[in-house]
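K.L.:
With my numbering as the guide, the letters of the sequence shown map in order to residues 2 to 149.
Derived by calculation from the structure, the hints in this document are not laboratory data. Small disclaimer: the values here were computed from a predicted structure and weren't measured. Errors might be hidden in some of the hints.
What the hints assert, rightly or not - Simulated DEER-style distance windows between Cβ atoms:
#1 T108 x S65: 39 to 49 angstroms
#2 T108 x K133: 18 to 28 angstroms
#3 A143 x R72: 34 to 44 angstroms
#4 G33 x Q136: 22 to 32 angstroms
#5 R25 x A97: 20 to 30 angstroms
#6 G6 x G34: 14 to 24 angstroms
Heads up, the beta-carbon is just placed ideally off N, CA and C, and yes, glycines get one too.
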Amino acid sequence: MLLTGTYSRSLDEKLRVAIPKPLRLALACPQGGALYVAPGTDESLVVYTEEAFAELARRLAQSSPTEGHVRAFTRLFYARAQRVALDRQGRIRIPAELAQLAGLRGTVILLGVQDHLELWAEQRWRTYLEEKRGQFDQIAEAAFRPVG
Numbered sequence: 002m003l004l005t006g007t008y009s010r011s012l013d014e015k016l017r018v019a020i021p022k023p024l025r026l027a028l029a030c031p032q033g034g035a036l037y038v039a040p041g042t043d044e045s046l047v048v049y050t051e052e053a054f055a056e057l058a059r060r061l062a063q064s065s066p067t068e069g070h071v072r073a074f075t076r077l078f079y080a081r082a083q084r085v086a087l088d089r090q091g092r093i094r095i096p097a098e099l100a101q102l103a104g105l106r107g108t109v110i111l112l113g114v115q116d117h118l119e120l121w122a123e124q125r126w127r128t129y130l131e132e133k134r135g136q137f138d139q140i141a142e143a144a145f146r147p148v149g
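All chains should be built: construct the whole structure from the sequences, respecting the hints.
P.N.:
This is the structure in structure tokens:
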């Protein structure tokens, strides 16, 4: 599963957002299927399939539970993560606490980011893009620098 693209969507009064068809197909999540919504970085939310969420848990389990930052992340992430269902119209309902955390209202931006989706408040996404403008080469070099 490879998720890509940027989509502008409306968040309705019931905090539902439609997942674009290309992303639904890539997610291979049937109607009524489960997705997980959780806090993301940079004041965004992340959306994972059950399989990707389980893989993330496996990767985290390889980290030392005695490390303070691992414990803090695990608590902050999993305590607020919630399972949601894809409805007949291809929408998910964003839990109110998470929508508030990410400042979601009106128009939201949905990103395909490799194995998960990110959900951003429109203005936060625009600000992030503006801040990173002109830095792509440096970011790419740092991201692909050999580990160790």
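K.L.:
A separate judgement is required for each hint: does it hold in the structure or not?
P.N.:
A quick look at each hint next to the structure:
The supplied range of 39 to 49 angstroms is met by T108 and S65, whose beta-carbon atoms lie about 41 angstroms from each other. The hint said 18 to 28 angstroms for the Cβ distance between T108 and K133, and at roughly 20 angstroms that hint holds. The supplied range of 34 to 44 angstroms is broken by A143 and R72, whose beta-carbon atoms lie about 27 angstroms from each other. In this structure, G33 and Q136 break the distance hint of 22 to 32 angstroms, their C-beta atoms being roughly 41 angstroms apart.
Judged by the Cβ atoms, the range 20 to 30 angstroms given for R25 and A97 holds: they are separated by roughly 23 angstroms. Hint check: G6 to G34, Cβ distance near 20 angstroms, so the stated range 14 to 24 angstroms holds.
Violated hints, listed in ascending order, are 3, 4; each of the other numbered hints is respected by the structure.
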